[in-house]
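Visitor: Quick note, the sequences are listed as chains H and A, same order. All residue numbers for the first sequence refer to the working numbering, where the first residue is 10 and numbers rise by one. All residue numbers for the second sequence refer to the working numbering, where the first residue is 5 and numbers rise by one.
I should point out that these hints are in silico values taken from the structure, not numbers from a laboratory. Warning: the hint list may mix true and false statements.
Some but not every residue of chain A turned toward chain H, in silico, with C-beta under 10 Å [stated by the list, open to error]:
1) Q13
2) Y39
3) L49
4) L92
5) A94
Below 27 Å or equal to it, Euclidean Cα-Cα: the simulated DSS-like pairs (lysine-lysine) are [said to hold, decoys possible]:
6) A/K61 to A/K102
7) A/K102 to H/K80
8) H/K18 to H/K80
9) A/K60 to A/K102
10) A/K114 to H/K79
11) A/K61 to A/K74
12) H/K18 to A/K102
13) A/K102 to A/K74
14) A/K63 to A/K114
15) H/K79 to H/K66
16) A/K102 to A/K114
17) A/K102 to H/K66
Label-pair ranges, simulated between beta-carbon atoms [as the list claims (entries may be wrong)]:
18) A/E45 to H/K80: 16 to 26 Å
19) H/K80 to A/G56: 16 to 26 Å
20) A/E21 to H/G62: 45 to 55 Å
21) A/K60 to H/Q26: 44 to 54 Å
Ideal Cβ positions, reconstructed from N, Cα and C, are used throughout, including at glycine.
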Amino acid sequence: NAGVTQTPKFRVLKTGQSMTLLCAQDMNHEYMYWYRQDPGMGLRLIHYSVGEGTTAKGEVPDGYNVSRLKKQNFLLGLESAAPSQTSVYFCASSYAPGTVQETQYFGPGTRLLVL
Amino acid sequence: TQLLEQSPQFLSIQEGENLTVYCNSSSVFSSLQWYRQEPGEGPVLLVTVVTGGEVKKLKRLTFQFGDARKDSSLHITAAQPGDTGLYLCAATYNQGGKLIFGQGTELSVKP
Numbered sequence: 010n011a012g013v014t015q016t017p018k019f020r021v022l023k024t025g026q027s028m029t030l031l032c033a034q035d036m037n038h039e040y041m042y043w044y045r046q047d048p049g050m051g052l053r054l055i056h057y058s059v060g061e062g063t064t065a066k067g068e069v070p071d072g073y074n075v076s077r078l079k080k081q082n083f084l085l086g087l088e089s090a091a092p093s094q095t096s097v098y099f100c101a102s103s104y105a106p107g108t109v110q111e112t113q114y115f116g117p118g119t120r121l122l123v124l
Numbered sequence: 005t006q007l008l009e010q011s012p013q014f015l016s017i018q019e020g021e022n023l024t025v026y027c028n029s030s031s032v033f034s035s036l037q038w039y040r041q042e043p044g045e046g047p048v049l050l051v052t053v054v055t056g057g058e059v060k061k062l063k064r065l066t067f068q069f070g071d072a073r074k075d076s077s078l079h080i081t082a083a084q085p086g087d088t089g090l091y092l093c094a095a096t097y098n099q100g101g102k103l104i105f106g107q108g109t110e111l112s113v114k115p
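Looking at chain H on its own, in the form it has when it is part of the complex (with noise of 0.2 Å):
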């Protein structure tokens, strides 16, 4: 099993220019989520999908739109993209979602710089 894997691992955008970052899982979890990670602010949740063809706003998704087309991809995109979208993405999946035996597996993160 490969996990949770990310594309692409690095990405250079300028302002104003669109991307799409693409999730996939093949642990057949029902819930995926999008977090940002910035320097000194721990891990920040974007948007959330509880199953297929379902998604939700997290803390920060100003800027960001999400589609769970498929169980086993989890996109994030960006219209127009800002320097202050610069960060550190990760996508994570989840079985027995909100309960206390959750556990999130993550992605090896996608490396966004916005000019």
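Place chain A on chain H using the hints.
Guide: Coordinates of chain A only, in the frame set by chain H:
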């Protein structure tokens, strides 16, 4: 709004020393998790604690959940260079709630 604070933010020690990392909340947790993240990788779950006063051990790592369920600590005995990384605590505040992460403790263990 729940706030989860970790201390210290940075820690640089010599191999063989002991250390403790703290995680404190403004509200009572439902559960508390500790993750470790190595450079260039995603966080990996170390342990979940759910009961006030609970203590769990993972080799040289000891995790404690405060009696009032508002704080937790991670103690590492005889630290090794392989312990170097970012340690994150994360809490849920109600059944079905999302994980809230602390800002992390950056640990560097020098040989």
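Visitor: Below or equal to 27 Å on CA atoms is what counts here, so check A/K60 against A/K102.
Guide: Distance ~23 Å between A/K60 and A/K102 Cα, so the pair holds.
Visitor: Taking the least C-beta to C-beta distance, is A/L49 closer than 10 Å to chain H?
Guide: OK, holds: A/L49 within 10 Å of chain H, min 5 Å.
Visitor: Hold the hint about A/L92 up to the distance rule: shortest CB distance to chain H must be less than 10 Å.
Guide: holds, 6 Å
Visitor: Is the straight-line distance between the alpha-carbon of A/K61 and that of A/K102 27 Å or less?
Guide: Holds, at roughly 25 Å.
Visitor: Holds or violated: A/K114 with H/K79, Cα cutoff 27 Å?
Guide: Cα-Cα ~45 Å, so violated.
Visitor: So the hint says 16 to 26 Å: do the beta-carbon atoms of A/E45 and H/K80 match that?
Guide: holds, 25 Å
Visitor: Regarding the pair A/K61 and A/K74, is the alpha-carbon distance no greater than 27 Å?
Guide: holds, 20 Å
Visitor: Compare the distance between the alpha carbons of A/K102 and A/K74 with 27 Å, and conclude whether the hinted pair is satisfied.
Guide: Holds, at roughly 17 Å.
Visitor: Regarding the hint that A/Y39 lies at the interface with chain H, is the smallest CB-CB distance below 10 Å?
Guide: Holds. Min distance 8 Å.
Visitor: When the nearest CB of chain H is found for A/A94, is that gap smaller than 10 Å?
Guide: holds, 8 Å
Visitor: Just tell me: holds or violated, for the beta carbon distance of A/K60 and H/Q26 against 44 to 54 Å?
Guide: Given about 46 Å between the Cβ atoms, the range holds.
Visitor: Mind checking the alpha carbons of H/K18 and H/K80 for me, to see if they're no more than 27 Å apart?
Guide: holds, 22 Å
Figure legend: structure checked against the earlier numbered hints; hints not met, in rising order: 10, 16 and 19.
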